[in-house]
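Participant: Model the full assembly from the supplied sequences, consistent with the hints where possible.
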Amino acid sequence: MHDMPQTERCRTAIETSRHFREEVPDVVEKLVASCGAGTCFDHIGPEPIPSREAVIDLIHRINRLLYPGYFIRTRIEDFNLRYYFGQEATALFELLSEQITLAMRHDCVRHNLPCIQCEEQGQKAAISFMHELPNLRAVLATDIRAAFEGDPAAKGYDEIIFSYPGLLAVTIYRIAHRFFEQSVPLIPRIMSEHAHSVTGIDIHPSAHIGESFFIDHGTGVVVGETTEIGDRVRVYQGVTLGALSLPRNEVERLRTRKRHPTIEDDVIIYSGATILGGETVIGARSVIGGNVWLTESVPPDTRVYLKKPDLIYIGGTR
Amino acid sequence: MHDMPQTERCRTAIETSRHFREEVPDVVEKLVASCGAGTCFDHIGPEPIPSREAVIDLIHRINRLLYPGYFIRTRIEDFNLRYYFGQEATALFELLSEQITLAMRHDCVRHNLPCIQCEEQGQKAAISFMHELPNLRAVLATDIRAAFEGDPAAKGYDEIIFSYPGLLAVTIYRIAHRFFEQSVPLIPRIMSEHAHSVTGIDIHPSAHIGESFFIDHGTGVVVGETTEIGDRVRVYQGVTLGALSLPRNEVERLRTRKRHPTIEDDVIIYSGATILGGETVIGARSVIGGNVWLTESVPPDTRVYLKKPDLIYIGGTR
Amino acid sequence: MHDMPQTERCRTAIETSRHFREEVPDVVEKLVASCGAGTCFDHIGPEPIPSREAVIDLIHRINRLLYPGYFIRTRIEDFNLRYYFGQEATALFELLSEQITLAMRHDCVRHNLPCIQCEEQGQKAAISFMHELPNLRAVLATDIRAAFEGDPAAKGYDEIIFSYPGLLAVTIYRIAHRFFEQSVPLIPRIMSEHAHSVTGIDIHPSAHIGESFFIDHGTGVVVGETTEIGDRVRVYQGVTLGALSLPRNEVERLRTRKRHPTIEDDVIIYSGATILGGETVIGARSVIGGNVWLTESVPPDTRVYLKKPDLIYIGGTR
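Residue numbers (this note's numbering), protein chains in the order written: chain A, 118 to 435; chain B, 118 to 435; chain C, 118 to 435.
Don't take every hint at face value.
The list treats identical chains as interchangeable, and a pair is accepted whether it falls inside one copy or across any two copies.
[Unchecked claim] With a straight-line cut-off of 27 Å between C-alpha atoms, the simulated DSSO-like cross-links for lysine-lysine are:
#, residue 1, residue 2
1, LYS147, LYS241
2, LYS241, LYS272
3, LYS272, LYS147
To be clear, the hints were calculated from the coordinates, so they are not data collected in a lab. Here the structure is a predicted model, which means the values were calculated and not measured.
Facilitator: Structure follows, in structure tokens:
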């Protein structure tokens with residue numbers, strides 16, 4: 118092609134381009150066909166579903182009400198505080214009602230139920246959640262204090278609110294858990310997996326967690342669906358509170374069972390520890406050492422450590 | 118400065134500001150000089166390179182074709198399905214062709230090759246990828262079913278498509294792997310590291326992975342470049358399928374060798390397990406327990422567990 | 118409600134909606150009250166604080182100066198290089214000065230200090246940081262070369278700059294560490310937690326890290342506040358350089374102590390290893406094997422491995 122005259126090269130290039138472009142309709146027909154085949158997943162029909170993007174926007178909006186003044190670029194002062202809350206709360210009510218309604222309607226359609234009250238139910242759930250905001254703020258204040266008391270690197274409360282992934286994950290968990298308690302479908306899990314994505318901390322919205330909870334560093338933490346955690350518990354990166362191994366074919370039977378452990382008040386669990394099983398109880402004030410693997414209960418006031426592992430040293434002069 | 122008259126303070130403040138601002142050109146000259154020195158990295162020249170931002174946009178666009186109706190806020194119904202695919206596919210063809218062309222051109226320049234056909238090749242690779250979309254949809258449907266069957270916490274397929282990081286990572290892997298097979302440079306790795314960033318799951322685009330693959334929780338999972346994984350494999354958070362340690366200076370020799378393990382059909386690997394080495398084969402239907410560290414092969418139908426570690430209990434009453 | 122005439126159903130729906138909407142002012146009053154109670158956290162007052170969003174924008178802007186040509190969609194060539202740096206540096210100076218000033222002012226208010234010079238100090242810190250940019254570029258070039266030499270999967274330098282999370286985390290660490298050295302409050306930690314969020318790598322801005330530092334894969338890596346790392350160190354995913362366990366009530370005393378280890382030149386630390394304690398020194402050229410747990414020093418030139426753990430094999434035919 119180097120030797121072609123300029124005009125010819127241009128024409129060739131244009132024709133080539135047209136050639137490939139003309140295959141787009143083939144692709145489109147194949148995609149349409151793949152939707153009718155019944156093997157692939159799609160959401161085609163008159164009922165819309167919640168929007169992942171809109172649910173993430175809701176998280177930001179709720180955060181602005183929970184931590185007023187931290188996540189906006191305008192100033193809040195005493196004289197305009199009521200205007201600020203008024204404007205934010207009004208907008209939140211509309212947007213939250215809409216997404217909850219979509220989630221409920223989607224669930225009705227999925228179960229072939231009539232959906233005459235979804236809109237009303239959506240608004241009811243939205244306002245009921247919003248009445249809880251001051252209580253959420255109070256519980257989150259205990260989490261913030263626990264972070265400051267538990268982390269020698271913390272320089273102040275603002276740093277924690279601004280930047281600690283543990284607090285962000287717990288904040289989103291507490292929001293999602295509230296929606297879970299209200300039996301709102303889909304939205305709690307979208308919220309908790311958003312938290313997982315930005316923090317590396319995976320807390321199922323149906324877990325129960327007491328006040329003054331602190332997760333330090335946090336990447337890799339997993340808190341399973343039926344976990345119960347008391348007050349003033351501290352957890353480090355890479356801790357798994359999980360289920361025992363699942364034999365294939367028993368998954369269905371296990372969907373409704375308590376499969377994850379119970380952690381009582383004032384327990385500390387160091388990095389990389391794994392605690393498994395629905396009947397495992399870690400007694401109050403116990404300390405679980407780093408990398409410990411536990412599938413049985415521990416009485417209160419126990420410290421559990423790994424026996425010093427046998428290390429092999431090669432070279433060096435000790 | 119407290120006692121200065123107002124006008125004087127203002128002037129001082131303005132002058133100070135001008136003083137620091139006037140140093141900006143010095144900084145600029147130093148930065149220009151640092152580009153000529155040959156020690157720093159920059160991309161200066163007439164040929165543009167792919168845009169990370171544009172490649173991430175491509176992922177979203179491809180996702181909208183793979184899961185129609187899930188990641189948009191408008192409704193798709195039977196009557197407008199063809200219009201939807203038509204519009205999305207046309208736009209994707211243009212944008213994909215452009216980025217692939219840029220990646221190929223960048224590679225030509227880097228190897229001092231002529232680049233007369235990059236644009237045509239880019240369009241060819243784009244349309245060829247798009248013809249694969251229905252097949253990708255079918256394989257991903259097996260992954261979605263595997264997630265539902267493998268996770269007792271899953272409430273339905275929509276929840277998995279909307280929010281499971283494991284599915285997102287596998288979706289992006291399957292997209293990136295297809296581009297890798299087409300020898301498209303740079304773009305597959307940008308895609309897989311985007312997946313790594315949002316899910317904590319690091320799958321190299323050149324790994325081979327069979328159908329019905331499920332990663333639960335997923336944070337910290339690493340699947341190395343030359344890993345081979347069969348069908349119906351399930352993997353949990355923190356699992357590494359990696360290379361044996363690399364003596365310094367041998368890196369160059371290893372660039373083309375199989376360095377990562379082979380996992381046969383129907384294997385389950387629990388959280389935190391590490392399997393290393395290019396000659397390590399985990400036989401079909403085997404189960405690898407949590408935190409197990411393996412550098413040798415395991416025959417089919419084997420269960421491998423850590424011997425219960427010696428724990429030290431202090432205090433408590435057992 | 119199924120049997121209601123159409124008009125009545127509509128009226129009921131509108132009234133229901135008005136009913137829930139009318140509760141919004143109650144919620145607003147409760148939120149206002151929760152701010153006066155002294156138990157919750159808020160930032161209400163005339164002084165604004167830095168914006169998380171603006172600080173993340175600063176990271177992107179600084180990245181564009183550190184890696185010219187990589188993260189923009191326009192072309193940089195020799196003839197417009199000075200214009201590019203000039204425009205970007207001017208904008209950076211303004212935006213950086215503003216955020217540093219806000220951070221300093223916020224700190225003054227918090228400690229009840231007068232804040233007459235915050236704006237001047239903010240500009241001074243901004244320009245002083247910018248004078249360091251060419252040096253940062255030179256150090257980052259050593260990190261990029263270390264990544265290429267340490268990873269057999271690396272196909273070229275561009276791939277590393279575009280997509281390696283380890284390089285992104287180290288880049289943001291080096292930026293944040295510079296601000297930390299300038300005693301800029303809040304901003305370094307917001308930056309490092311942004312890096313943590315997008316890479317899963319948690320490096321405290323006050324740690325000391327030498328040149329040619331490479332983190333491979335990286336998810337779950339923690340480098341604590343008082344860690345010291347020499348030159349040419351390589352670290353893999355899941356490595357913790359942390360503090361020994363903190364007895365409750367001793368946190369306050371420990372805030373100013375060296376609590377994290379020292380890693381000398383040319384050390385390699387494989388995935389999942391944990392090294393704890395302020396007096397722990399890993400001697401030069403040592404290699405720490407995967408999953409090793411260390412709370413004591415290791416002399417130079419030592420290789421430390423876990424003794425092969427006792428595994429239990431059930432079934433299979435070996």
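Participant: With reference to the structure, classify each hint as holding or not holding.
Facilitator: Evaluated hints:
1. Taking CA atoms no more than 27 Å apart as the test, LYS147 paired with LYS241 passes between copies only; the shortest distance there is 18 Å, against 44 Å inside one copy.
2. In this assembly of identical chains, the alpha carbons of LYS241 and LYS272 lie at most 27 Å apart only when taken from different copies (23 Å versus 41 Å within one copy).
3. Neither within a single protomer nor between protomers do LYS272 and LYS147 lie at most 27 Å apart by alpha-carbon distance, with minima of 58 Å and 30 Å respectively.
Checked against the numbered hints above, the structure breaks only hint 3 and satisfies the rest.
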